[in-house]
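Undergrad: Assemble the whole structure, with the sequences as input and the hints as a guide.
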Amino acid sequence: MDFMTVVRVICMIILGTLSMYEFYGSHTRYQANDISGAIYHILLALFWAVWLLIQAVLGK
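Everything in the sequence shown is counted per numbering that gives the first Met the number 0, starting at 0 for the first residue and increasing by one.
Some hints could be false.
[Claimed, not checked] Computed Cβ-Cβ distance ranges for the label pairs, DEER-style:
no.	residue 1	residue 2	range
1	V8	A44	16 to 24 Å
2	S35	A55	28 to 36 Å
3	L45	R7	15 to 23 Å
4	Y39	F2	31 to 39 Å
5	I34	I9	32 to 40 Å
6	I38	D1	31 to 39 Å
7	F2	A37	34 to 42 Å
8	R7	A44	18 to 26 Å
9	F2	S35	35 to 43 Å
10	S35	M11	21 to 29 Å
Note that these hints are calculated values from the structure, not bench results.
Just so it is clear, CB atoms sit at the ideal spot from N, CA and C, and this is done for glycine as well.
TA: Laid out in structure tokens, this is it:
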């Protein structure tokens with residue numbers, strides 16, 4: 000593995016951990032019927048799906 004791959008993996012681990020912590024914190028704050036909270040989590044999940052897809056394509 001080259002240096003940029005290591006940096007990319009470390010950043011993904013850190014950002015993933017922070018987003019999971021944010022998801023847990025916001026999940027306990029928001030009500031189940033909160034639309035803005037639901038939209039936020041959907042956009043966050045889409046962001047991570049696109050991010051991982053880009054990383055997979057660039058990794059080839």
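Undergrad: Confirm or reject each hint.
TA: Against the structure, the hints:
With their beta carbons about 20 Å apart, V8 and A44 fall inside the hinted range of 16 to 24 Å. In this structure the hint that S35 and A55 lie 28 to 36 Å apart at CB holds, the actual value being about 31 Å. Hint check: L45 to R7, Cβ distance near 20 Å, so the stated range 15 to 23 Å holds. Between Y39 and F2 the beta carbon distance is about 34 Å. The supplied range of 31 to 39 Å therefore holds.
Between I34 and I9 the C-beta distance comes to about 35 Å, which sits within the given range of 32 to 40 Å. Taking 31 to 39 Å as the suggested C-beta distance range, the pair I38 and D1 conforms, at roughly 38 Å. For F2 and A37, the hinted distance range of 34 to 42 Å is satisfied, since their beta carbons lie about 39 Å from each other. Taken as a hint, the range 18 to 26 Å holds for the pair R7 and A44, whose Cβ atoms sit roughly 20 Å apart.
Hint check: F2 to S35, Cβ distance near 40 Å, so the stated range 35 to 43 Å holds. Judged by the Cβ atoms, the range 21 to 29 Å given for S35 and M11 holds: they are separated by roughly 26 Å.
Hint compliance for this structure: no hint is broken.
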